[in-house]
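Engineer: Given these sequences and hints, build the entire structure.
From first to last, the protein sequence lines stand for chains W and X. Counted the way this note's numbering counts, the first sequence spans residues 7 to 342. Counted the way this note's numbering counts, the second sequence spans residues 7 to 342.
Hints in this document: simulated from the structure, not taken from any laboratory. Some hints could be false.
No copy is singled out in the list; a pair is fine if it fits within one copy or between any two copies.
What the hints assert, rightly or not - Dumping the calculated SDA-like pairs for lysine to any residue here, alpha-carbon to alpha-carbon at most 25 Å:
id, residue 1, residue 2
1, K34, E222
2, K225, M49
3, K34, L125
4, K113, A93
5, K213, R43
6, K13, A62
7, K213, R289
2 protein chains.
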Amino acid sequence: MRRPSMKELAQRLGVDRSTISRALSQDKAHLVAPETREKVRRMAIDAGYRPDLTAASLRRGRSQTIGVLVADLENETFINVIRTLIASLNVDGVPVTTPLIAETRDKPNAASRLIETFLSRRVDAIISLASTEADERALEDASREVPVILAIRTLAALNLPSALCDDREGGAMVARHLVERGHKLVCQVQGPPLATTFKLRAQGFSKICADLGVREVTKPIYTAEATPTAGKKALDLVFDCEERPTAIFAHNDAIAIGVIEALRERGLRVPEDMAVAGFNDTRLAQVLSTPLTTVAYPIREVGEHAALLFHSLIAGEKDEAGSRTFMPELIVRRSA
Amino acid sequence: MRRPSMKELAQRLGVDRSTISRALSQDKAHLVAPETREKVRRMAIDAGYRPDLTAASLRRGRSQTIGVLVADLENETFINVIRTLIASLNVDGVPVTTPLIAETRDKPNAASRLIETFLSRRVDAIISLASTEADERALEDASREVPVILAIRTLAALNLPSALCDDREGGAMVARHLVERGHKLVCQVQGPPLATTFKLRAQGFSKICADLGVREVTKPIYTAEATPTAGKKALDLVFDCEERPTAIFAHNDAIAIGVIEALRERGLRVPEDMAVAGFNDTRLAQVLSTPLTTVAYPIREVGEHAALLFHSLIAGEKDEAGSRTFMPELIVRRSA
DNA sequence: AATGCCTTGTCAATCGATTGCAATATCAAT
DNA sequence: ATTGATATTGCAATCGATTGACAAGGCATT
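Structural biologist: Next comes the structure, spelled out in structure tokens:
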């Protein structure tokens, strides 16, 4: 009743295991006579044969597996990038490479432990959507054993192939928009500074403000997490400032939602009393009764480029696809 | 510069590979002399030895891997159950079992393809947080080869060990609460009927309404997805009814949020003009300026019991831990 | 008929770790 | 000194698939 191994198939058919292996493979199938090939394939199907990928991995030295590190599984943007990545992993609709997905939650040594697991399982590559400076060392070490690709977040010191969004320009877009709308004093509610994303958004935003002569509230405001709860708390800090801004750039939509709810609790209207912009163009952004002005993340591009990097790196191409940075897009809605 | 294999370690130390294997193992370490054991472990560490789990899997017939099917990676409840599940997979803080996480998005044949992949990779068990009637067959077939555990969603026909929330009672709790608050005509915005969860919530809710003499709007209202967007659309259907209810039970928080935003756009206040209750106690539920009355999902219990089932099943215990259903908890906030 | 090429298939080694069994060493008890 | 028990280590098979080397047969060319 158990499923047969390749050896058993071979016995039943009176051929060698190697013939079975080749007949069933993609690349070596031409080495076996068409009739034999068909015979083998038919028999494999109705015997319910299922190749043992652990054995194949061992022999090939390739596990057809990719380690995916993600900072936060609840974050829509990460998930959507992973989704397009996984979709691009399939060849002709057949999933050949299985992702091992693991979450770091930005905990200091989570990444290095997970990377150890990945390497023990002999992943063919690692894609990190979770890089923080704390993991720099772990990723660097890993990159000596296996291709490492960065997505969404980069690490300047490492020079690893990456698929990114132009976060600086994204921040700049928001700033320009707010300036156009006539705001004179603005404010950022920044995400936690451990990832490059938020730093770049802040830089891009501040640069434009400075260039165009718009002031930011003096004290920089950070959230501990990029969540609505944290955004809500952060609004208190905004109101602690000597001067009250007329617009807030929240570093992502989750923070923006927290900010908006907090404003509502204070009886303030968005955007009349305070304009709010977010980042990512989350699903919720469109659903809110005051639809959110935000920056659409180039999800598909980032995911697909990460997959492209993966394929080019494991194929060992010399003119490998390089790092790329994709442009986000400002989505103007009612909130700012 | 490459990392050494067990064989190379053995040569350097002048002992047999089997000794290395035993010294480094958990369960057979007592078979090797304490000094040898220490010597081996030290050498392993500073040679940077890292066991090859693909080889170990092959030989052991156990991959120390578990297939996790999840319907939706964006759903906080699923993710949180998976998180506690993964945490409970570690023994003494060491991750011994690696989860292979795959998403079905409730697409008809996604589950069976993913299960094929899992089985080819020789997972030790499969945990499905994605079961729909469409996958019944695939899960049943899988359960003949490997332990299959259901979580969150069950399949009555299959009698597989499961870790569940008492969704029926959850629905009932909401109904009782609405009755207590004096509502006479209520309405459900149901989630898609492919999963048991929503059906049970609906049944529990309706039963109590009937028992306590409260009317529901006649036409049942379903959403195509359990998302805010779908919830928003569904509100139109509610207003299409001949009579307007005074309270809405949305089958989860995401739907509830859509409903609330749609109400706001119509200029209606929650809960004064329309009470709204959700399900799951999502993070957002607490953050909203009108905090959401909802049902807290027994996340920890479900995740931990699923892990318990896994451990007991692969240990082959005869008095295996059985299916369990955990009680959710009504969280009364402002919205209803 | 001899030669060479091509097609098809077999043989056997191999990937790296695990484990049942056997072998040796050590020690105590008689 | 002999026996037996116990502790420690080595030997070699094994898990299941893949692949380089090679052999057999067929066919065409000269």
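Engineer: One pair to classify: K34 and L125, alpha carbons no more than 25 Å apart. Within, between, both, or neither?
Structural biologist: between (28 Å within a copy, 24 Å between copies)
Engineer: At most 25 Å between CA atoms: does that hold for K225 and M49 within a copy, between copies, both, or neither?
Structural biologist: This pair counts as neither: shortest intra-copy Cα distance 72 Å, inter-copy 53 Å.
Engineer: When no copy is named, should K34 and E222 be tagged within, between, both, or neither for a Cα gap of at most 25 Å?
Structural biologist: Cα proximity of K34 and E222: none, with 64 Å in one copy and 64 Å across.
Engineer: Give the relationship of K113 and A93 under a CA distance limit of 25 Å: within one copy only, between copies only, both, or neither.
Structural biologist: Answer is between: at 14 Å across copies they meet the 25 Å cutoff, but 28 Å inside does not.
Engineer: Could you place K213 and R43 in one of the four classes (within, between, both, neither) given a Cα distance threshold of 25 Å?
Structural biologist: Neither: 65 Å inside a chain and 60 Å across chains, both beyond 25 Å.
Engineer: Taking 25 Å as the upper bound on the Cα-Cα distance, should K213 and R289 be classified as within, between, both, or neither?
Structural biologist: Close neither inside one copy (29 Å) nor across copies (34 Å); limit 25 Å.
Engineer: Check K13 against A62 for me: Cα-Cα at most 25 Å, and say if that holds within a copy, between copies, both or neither.
Structural biologist: both (14 Å within a copy, 20 Å between copies)
Violated hints, in rising order: 1, 2, 5, 7; the structure is consistent with all others.
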